[in-house]
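Chemist: Fit chain U to the known structure of chain L by using the hints.
Protein sequences appear in the order of chains L and U.
Each residue of the first sequence is one higher than the one before, starting from 1 at the first, in my numbering.
Each residue of the second sequence is one higher than the one before, starting from 1001 at the first, in my numbering.
Certain hints may be false.
[Claimed, not checked] Restricting the straight-line Cα-Cα distance to at most 20 angstroms, the calculated cross-link-like pairs of lysine to aspartate or glutamate (EDC-like) are: (1) L:K118 / L:E41; (2) L:K66 / U:E1109; (3) U:K1110 / L:E198; (4) L:K110 / U:D1157; (5) U:K1142 / L:D107; (6) U:K1142 / U:D1157; (7) L:K20 / L:E198; (8) U:K1066 / L:D107; (9) U:K1020 / U:D1143; (10) U:K1142 / L:E41; (11) L:K142 / U:E1139; (12) U:K1110 / L:D107; (13) U:K1066 / L:D201; (14) L:K66 / L:E34; (15) L:K110 / U:D1107; (16) U:K1110 / L:E139; (17) L:K66 / L:E99; (18) L:K66 / U:E1198; (19) L:K38 / U:D1201; (20) L:K110 / U:E1198; (21) L:K142 / U:E1211; (22) L:K110 / U:E1109; (23) U:K1038 / L:D201; (24) U:K1141 / U:D1175.
[As the list claims (entries may be wrong)] Sample of chain U residues lacking proximity to chain L, with all beta carbon distances greater than 10 angstroms (derived): (25) G1051; (26) I1056; (27) M1060; (28) A1077; (29) S1138; (30) G1152; (31) G1153; (32) I1183; (33) Q1187.
The hints are simulated quantities; they were obtained by calculation from the structure and are not laboratory data.
Because the structure is a prediction, the values reported are computed rather than measured.
Beta carbons are placed, not taken as given, at the ideal position from N, Cα and C, and that holds for glycine.
Protein chains: 2
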Amino acid sequence: MSTEEVKATVVPYDEVEATKVYISYNNVHQLCQEASAKIKEFKPDLIIAIGGGGFIPARMLRSFLKEPGMPTTRVYAIILSLYEDLNSVSTQNEKLGAEVVRTQWIDYEKSGIDLIGKRVLIVDEVDDTRTTLHYTVSELKKDVISQCQAKGGNPEDTKLGIFVLHDKLKPKKADLPKDVTYIAARQLPDYWIAYPWESTDIVTHTRKAIEQGNDVFLP
Amino acid sequence: MSTEEVKATVVPYDEVEATKVYISYNNVHQLCQEASAKIKEFKPDLIIAIGGGGFIPARMLRSFLKEPGMPTTRVYAIILSLYEDLNSVSTQNEKLGAEVVRTQWIDYEKSGIDLIGKRVLIVDEVDDTRTTLHYTVSELKKDVISQCQAKGGNPEDTKLGIFVLHDKLKPKKADLPKDVTYIAARQLPDYWIAYPWESTDIVTHTRKAIEQGNDVFLP
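So here's chain L without its partners, still in its complex pose (with noise of 0.2 angstroms):
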């Protein structure tokens, strides 16, 4: 092996750190609050947030879409874990061929609520693989069903959208169905991105971030 070669297989320091983008709490909030007029247009009736990732934008979210004299949009939260994580050491969300699961579902009897009719976001902080938001959409299609079979009610009045914080621009390993709505407040490559509430040095998290550009608070 030349010394050419082995150069070419070295990926330099600056590289690796480029393909990491750091995304502020500040950013995060910024995001939710530019993508809640999209948002607005869909009407939810009700916010479906996917556990851990979901579970903050969805929070942030909500105070966007409180309109004066109108009720807060209700938050659900709903919790998925893959097959092979639930006895396992794993972090990884997602993973090639996992089968997903239900760790936390709706209690549609004892919160007294069902979808039929409603406007319906899922909310989650990043499309990867599209496996999770296309196994959470399915799900709820069979809610709907199965609800309306029961109660009376047509499926197609129940409308489901989606919003992300971050798409990722690779391929996806499932097709959402065409009659959801999707919103992704920013589409990007294949980045390894690091949330804030992931991270356990918050101020240098955040600086990274505001180098980056992506914290528009500078104070």
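Modeler: Just chain U, lined up with the frame of chain L:
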């Protein structure tokens, strides 16, 4: 009425502002990080986030509780509403004598979990009148008893803990049982606490938090 008396009843603008405490996202993140040492001593098996206020701290906390080689602590979400709020336009979280209603609760059956012998950490943003926390503890204790009756087990083996960002030093409307572990990141007078996720101008909000010393991040 003399001029002096009139003056005495006027609250200066500065004083009004001083009773509103601005909390930045990074501040919340660091409060969770700081409290995580104490919370690790409690050793939670699972986290129950009270929505909407508990969602964000619970998600942040999860990162700090992660131990290498161990699975992530699961976060379940419950949503409570006050009866008067359900059909009103209010955004207040706690009212005198309001009845607490479960909007979302844990679906033990579908989630495949129970609380028997578990160490359960309840997370909310603020302990104001303690109404919501008291209700949550009471209901979870009922769940534990019925689960122990159904499956066997000693209800006393379940340990409940509470984590809040802020405990307001004010008369509480309810007491917590003595066997509940209580952790508050900060205690403060009965100020108006402005959390970042309620802000529609996060730049100004963060500036004010920094001015008040509620944000250690100073680039």
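Chemist: State for each hint whether it applies.
Modeler: Right, here's what the structure says about each hint:
no., hint, verdict
1, L:K118 / L:E41, "holds, 14 angstroms"
2, L:K66 / U:E1109, "violated, 33 angstroms"
3, U:K1110 / L:E198, "violated, 28 angstroms"
4, L:K110 / U:D1157, "violated, 26 angstroms"
5, U:K1142 / L:D107, "holds, 18 angstroms"
6, U:K1142 / U:D1157, "holds, 14 angstroms"
7, L:K20 / L:E198, "holds, 13 angstroms"
8, U:K1066 / L:D107, "violated, 28 angstroms"
9, U:K1020 / U:D1143, "violated, 38 angstroms"
10, U:K1142 / L:E41, "violated, 42 angstroms"
11, L:K142 / U:E1139, "violated, 31 angstroms"
12, U:K1110 / L:D107, "holds, 8 angstroms"
13, U:K1066 / L:D201, "holds, 14 angstroms"
14, L:K66 / L:E34, "holds, 14 angstroms"
15, L:K110 / U:D1107, "holds, 8 angstroms"
16, U:K1110 / L:E139, "holds, 14 angstroms"
17, L:K66 / L:E99, "violated, 36 angstroms"
18, L:K66 / U:E1198, "holds, 10 angstroms"
19, L:K38 / U:D1201, "holds, 18 angstroms"
20, L:K110 / U:E1198, "violated, 28 angstroms"
21, L:K142 / U:E1211, "violated, 51 angstroms"
22, L:K110 / U:E1109, "holds, 12 angstroms"
23, U:K1038 / L:D201, "holds, 18 angstroms"
24, U:K1141 / U:D1175, "holds, 15 angstroms"
25, G1051, "violated, 6 angstroms"
26, I1056, "violated, 5 angstroms"
27, M1060, "violated, 5 angstroms"
28, A1077, "violated, 3 angstroms"
29, S1138, "holds, 16 angstroms"
30, G1152, "holds, 24 angstroms"
31, G1153, "holds, 22 angstroms"
32, I1183, "holds, 19 angstroms"
33, Q1187, "holds, 23 angstroms"
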